[in-house]
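Undergrad: One letter stands for each residue in the lines below.
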Amino acid sequence: MTRMTFASAIDHALETAMERDNRVVVLGEDVTMLRRNLYVRFGPKRVRQTPISEAAFLGAGVGAAMAGLRPVVEIMLVDFIAVAYDALLNEATKVRAFSGGKWSVPLVVRAACGGGYGDGGQHEQCLWGMLAGMPGLSVVVPSNPADAAGLMLSALACDDPVVFLEHKLLSDYWLDYLGGASRGTVSFDVPAEGTEGEVEKPPRPVPIGEGRVVAQGSDLSIFSLGVSLHRCLEALPSLADKGIRAEVIDLRSVAPLDRDLIVDSARKTGRVLVVDEDFIGFGLSGEIAAVMAEAGLKVDFARVCTEGVIPFARRLEDEALPNVRRIAEAALAMASR
Amino acid sequence: MMKPDIERLYRQMARMRFFEEAQADLWDRGLIPGEMHLGIGEEAVVAGVLDHLEEGDALALDHRSTPPLVARGVDLASMLLEVMGEEEGLCRGMGGHMHLFSREHLAGSSGIVGSSAPLGAGFALAAQCLSPGAVAFSFFGDGAANQGLVLESLNLASAWKLPQVFVCKDNRWAITTRTRSVTGGCLARRAASFGMPAYRVDGTQVEKVWVAAGKAVRRARAGRGPSFILASCPRMEGHFLGDPLLRVYREPLKQTVEIGPPLARAMLSKPLAALIQRCGYLGNIGRTIATLGGERYLLAIDPLRRGAKLLSEEARARIESEAKSEVAEAVSRAMERRGRND
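In order, the protein sequences belong to chains L and P. Per my numbering, the first sequence starts with residue 1, numbered consecutively. Per my numbering, the second sequence starts with residue 1001, numbered consecutively.
Excised from the complex, chain P in its bound form (with noise of 0.2 angstroms):
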């Protein structure tokens, strides 16, 4: 059996990794507008997928896209230009972070949640018909794989045998909603029962996520239809940057002096005979930011940190320093252009 090359992979999660800190940090200063749903914690996932994809291959991707992106080799100065709002962006300042799009790289993505799934299947009959062999890769969120056109687009690449590969990069929240309170049985079985295979992987493991995507990617090239792969990961900042819940952690202070008087004073109004039950409303509030920060800060499992551990000190701390001058060089490149049209 093939074994990965870890070099590669990990060198693929650290570009990711100091990419997306490096948008967090232009979004701190101002110079990102809107919303930043970051991937940090789905590196592993993406560069453990994206290591089987070759040129024609089409990326389909979600809110989160700049790290397959990266991965892609979309030019990060010009990722960096578009995420702020620059004529000389990816695309001219005209799609922004949840809009990137690549022609040239076969990638489109969607801030709307699920569509990634059908998108991927367009992609991949494109494949089926132009250019036999190539794969589509179609990346989307557990909270995303309860949409309609999710499951409707499992079904087609089925029925159709569509050489695509279904990403689910499983953080277990919906925005700010556990999965599974929302969610009827178990993600894998269902894919599988559209009649594909369905493989459960640690996502924070980028060699269990190669060997898994390995799979999907070498029947989806031979003809013989789609795969789901299944893989959890940690999302460690949150469903976006600023996000209200790890607000509660990060000033606590600021939060209750906010969020507290209006909720006593529900939990006060009339009839007071409810207090007791809506003490057990409180309680689950409480109970989603406390899973919420126990995730965040307690149990997170830094796919990077797990990567490390199988290469050598020296290659490790090579290999970051290579993609941190990279990311570096890429920003002060992006800045630059952006202080000329200033």
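Pulled out of the complex, with its shape left as it was, chain L reads as follows (with noise of 0.2 angstroms):
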């Protein structure tokens, strides 16, 4: 075990992948600057500048994996990913299915994603949902350094096409250049258990679509992930001062979700609180009510989300993104129905 930071993680674990398999290569904008540690040591074939065209390079990457390559391409903030949007939604999703199931995309799309350092609503979306609502992608979202690699270790051995978001408030480097973190004049409401852990060398692979119990309880479930999964921890002891007891469950995938998980957990406690930095509408918490419905479960149910366009400024950020004080009242609104 070693101590990383959550972005070495990562680095980590395709480090570790470039070596065993030389079909594994980085394309995005920036990345001889981003991934100077994998460039430095795998060189320009393997970790390929592009010009900012988002719509050519995610494509291209969509064709370079039907051909023998494993890409992992960067769309530098998934905001972006939004003028790319045909290669997902109609190319690598669609090929296994055209093609009979003989031809696979095997690729890994790496973008940072979330809010919370004052960027405003073009940079700081998490859209996780809206992703995930295409068959045939999966989209993980770690919460820490140890899930981080292990996630990246099986996004990239998996055959068909994986979503992989990097949260800006655990990645230091992100919060540096996008927050301005250098300056020193700012601070930010970093989770410090998820920006730095212990990693196994190697990188233990964390199973695509498996979830993880982060606290045992009995009153109420909340299910989460990235950053959020951190503001509920936050949340528990004020819980507990009033005398409940939350399980806190890390989903750590969107798609496939953790169907079994959430089912037991929610079957156990009949409350469930779903707390998701992304947008409240047609996305996983409404995904998550549908789950429940469907297992024959009738349970509490409340979600704390993001629910219009991210506000600029600090304050409206604050209060609209997910934070402790909305997740205890909600926690708390449900425990005395």
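One thing to keep in mind: the hints can contain errors.
[Unchecked claim] On the chain P side, residues computed to face chain L include the following (Cβ under 8 angstroms):
1) 1093
2) 1122
3) 1125
4) 1267
Hints listed in this document are in silico derivations from the structure and should not be mistaken for laboratory results. All C-beta atoms, glycine included, are put in the ideal place defined by N, C-alpha and C.
Starting from the two chains in their separate frames, assemble the complex, guided by the hints.
TA: See the structure below:
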């Protein structure tokens, strides 16, 4: 076990995979600088700089994956995937079906996501619900270094497309670049447990589609992921003070969703709170409600999500994203029903 | 041939520069959150183009949107309040510096690289239908010129003869990547191949930008279609404030300590036989940083200094002092409003 930051854990997983398999290549904007440790080791053929042309290089990633490479295509921020959506919606996720199961697209899309540092509504979205809505696409959202490394290894081993989302509050370099952390006159509510932790060398793969119980409880199930998972854990003491023992589950994968874990926990507690930094409508939180309804469960249900365009102003932004106060209030309201 | 009013152009350039410097100061003090992409170095391009703007014309802007908005006459204090995230800001604190909108000025911006091209095409389409003679300006960088949506917009504007002026601010960098290393062919020839006039100008010479933009705007107003202006200019404050590449120059020791050890580990990982090759790769990174530093610290031609040479010393000093006090007044007005909220 070695102590690693969230970002270096991902780097380490990539390095491990690139060492084992020559077909693994990294494509993206600025990767010479962003992935400089991989670049100086593996060179420009395997860590390849792209123009700002997401539609072209994500689409090319699909073709490259079909023809034998195992590309990791970096879309700097997940918000920017909008200009390249075709590559995922109509190409990468269709090939397996269209070819009658004879051809697949082993593509990893890596993108930074999430807010909490004042970058406004075009740079701080999560969008994992929108992405997970495409049949055939896996979407993973790690909340700590070990999961980040393990999920990246699993993504690289997967024969179908996987989107790997890296929350910017957990990755120090993104917070430095985009939050302007270097100036020292700003501060961010960074969850320490998520930004640094023990990682095995080489990392142990974390299966895609498998959630994890982070805190045991019997009164209420809280399903969350990414940075919101840490906000939930921060809310636990105030709930315990009121005699509420909440079970907290880190979903880790949005698609496929760990339906068994969700149903088991919900059946046990009878109350479900989803805390999701992504948009509230037509996404993960609604999907979880559907999973429980389909399992025949009648549970109390509430959600704390992002409800509209993420405001630029820091005060408004902190209110818009799931925070400890909103989580505690929602949990208490459910417990007192 | 008409001559530019150099004093008027220089006044706009000075206003933009002092406004950007005020933003840099507020950002350093932690009063502006998130990223801050300054337009320092682009002033002559913006001033030379927008001197031709008339009421009813539209602006489609990118992540360096404040200089054009300053030139357009948007209230300076309301922009400062906006980038500080205040309720009284231009967009009620909802937009922030990459997403500034002023409906009364028909000006919109976006932080998505290249999206000012289709937005401008839409503004131009509306102008063509609703107010013939009006023009839409799209500002973007050389990095954005490789976005599909920019290329599609060039074609659309040409096919529909839209009254649109594409202004490509060529600072030779796409974030930390040399644009040349990821670009095929020449951007001006590329635009020309869509069937529109393409002008290459030295974007540090405001009078040259003014002449080229005049031709483009006259063509658009007359309903003859779009034009493309490729204006070279320096990027003096990096991609954004706190740019890690510029920091290598500003705090070399700290950066070496942070970046060095993991790089050394990567260099020395097995197989060691690759070490010589790896030295070459490391050299590539070194060259990129050296190029950036060279351009910034040795070769950068400040468009304001160039513009000042066209004026008498008295005129330069008077214009600068007026612009400086206008911006200082806006800053104190914004800080006062902000203080009232705290």
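Undergrad: Please name the hints from earlier in the document that this structure breaks, with their numbers sorted from lowest to highest.
TA: 2, 3
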